[in-house]
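S.K.: Single-letter residue listing:
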Amino acid sequence: MTEKKHKQIFIHGAISSSFIAESIQKHSSKTNIGAHSIFLGQVRSDSINDKKVIAIDYSTYEEMALEKMHELREGIFAKYPLTCMHIYHSLGTVAAGEICLFVFTSAIHRKEAIDACEEMVELIKKELPVWGKELFEDESHQWKVNK
Amino acid sequence: MTEKKHKQIFIHGAISSSFIAESIQKHSSKTNIGAHSIFLGQVRSDSINDKKVIAIDYSTYEEMALEKMHELREGIFAKYPLTCMHIYHSLGTVAAGEICLFVFTSAIHRKEAIDACEEMVELIKKELPVWGKELFEDESHQWKVNK
Amino acid sequence: MPINITAFGQISEFISGTISVDKVNDTDSLRKHLVVQFPSLKDINYAIAVDKKIISVNTLIEENATIALLPPFSGG
Amino acid sequence: MPINITAFGQISEFISGTISVDKVNDTDSLRKHLVVQFPSLKDINYAIAVDKKIISVNTLIEENATIALLPPFSGG
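Sequence lines, in order, name chains A, B, C and D.
The opening residue of the first sequence carries number 1 in our numbering; numbering runs sequentially from there.
The opening residue of the second sequence carries number 1 in our numbering; numbering runs sequentially from there.
The opening residue of the third sequence carries number 1 in our numbering; numbering runs sequentially from there.
The opening residue of the fourth sequence carries number 1 in our numbering; numbering runs sequentially from there.
Hints in this document: simulated from the structure, not taken from any laboratory.
All residues carry an ideal CB built from backbone N, CA and C; glycine is no exception.
Hints may be right or wrong, so weigh each one.
As the list claims (entries may be wrong) - Below, in silico cross-link-like pairs of lysine-lysine (DSSO-like), each with a Cα-Cα straight-line distance of 27 Å or less:
1. A/K30 to A/K5
2. B/K52 to A/K30
3. A/K125 to B/K79
Claimed, not checked - A few chain D residues facing chain A, derived, Cβ under 8 Å:
4. K52
5. P72
6. G75
Based on the provided sequences and hints, a complete structural model is requested.
M.R.: Set out below in structure tokens:
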């Protein structure tokens, strides 16, 4: 059985603002683009039973996640006339205040870019096999639950 | 008559990706934020009657625009529980491929950030007194029309 | 009376500065006056702002009012 | 037969590696077997993936199948 090589979306640790800037900059040569929509997930320092979340440790079932992401991408490209779409998700430890998810869609007109970005974020939250372990100050933890 | 000093939103020339990165970076200390939504408008090199747009020259009625933006901001903050919102619009010449509009909303949860960002972009396009003059290669021009 | 008019966007290509008008004391009569003086205005669906507020009904123009002629916005 | 099971998220805290099970040849009987061996599973609403596809009905487990236990996703 030949396995298709899917695009990597995982980044170890936090997604830096300079990485985001470079991604944006790369699109300046694509002069048919009129609109970019970007979603960034940031690790929140929630207080749960008086304990503060200081970081989230992300893990995944990578082979399944990349296959699923490939399928989600194809669905979004079939539905929206996008110029391009880039998705990055952190693995490992991401401290509170750092970026853990970066969804970036570009299109000729704003409506498509905005709608595709929002839909992709919802799909990632619901369908991507990724788990977040919320780490507390006292070294205890709790498994994150998405709403 | 005392005039309230409104927040400046205009930037001369294009909005750089490093400026966007700095804006994102500044939010890492706000650890109650869970989601950022960003919209970027990019100048498109449309072909109109076989002539290519090479840049847009933006002008505004600044006093009115800042007053209007203050009013739009208050409306959005009243409607959505945002942590913060930042808006920048270019004035002067912005070349095709460069960024001319940057709308950045942040909230505890994604839904508010995404909805507020989209609504603000629509309001800016409809209600902000800004005009774009599309400049062609042959030094002729045409006034942009928003859809 | 002389009315200080600021024109924006494409209107600024043919109107600028202060315009002296007679028997004009409200925005409707200003519109009528301007289209005679500047026939290009006929094809432009412009709004009038009095003291930075877009007016939607005929409005008296006070002395020292700031009048702006605003073609359709095209920011972003 | 020995079944190669990979557990993720909170389930990986108490299940890892290959588990030997008797008389288990489909996902429903695997579920029944696992909850006896690992009572903590009772409180977790997990999905089973067979060869990277989440199954929604009882599915035969072929030899060499890759079985994954997936608690609710919480990425992003």
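S.K.: Determine for every hint whether it applies to the structure shown.
M.R.: Against the structure, the hints come out as follows:
{"no.": "1", "hint": "A/K30 to A/K5", "verdict": "26 Å, holds"}
{"no.": "2", "hint": "B/K52 to A/K30", "verdict": "14 Å, holds"}
{"no.": "3", "hint": "A/K125 to B/K79", "verdict": "25 Å, holds"}
{"no.": "4", "hint": "K52", "verdict": "4 Å, holds"}
{"no.": "5", "hint": "P72", "verdict": "7 Å, holds"}
{"no.": "6", "hint": "G75", "verdict": "3 Å, holds"}
Going down the numbered hints, you'll see the structure goes against none, and every one checks out.
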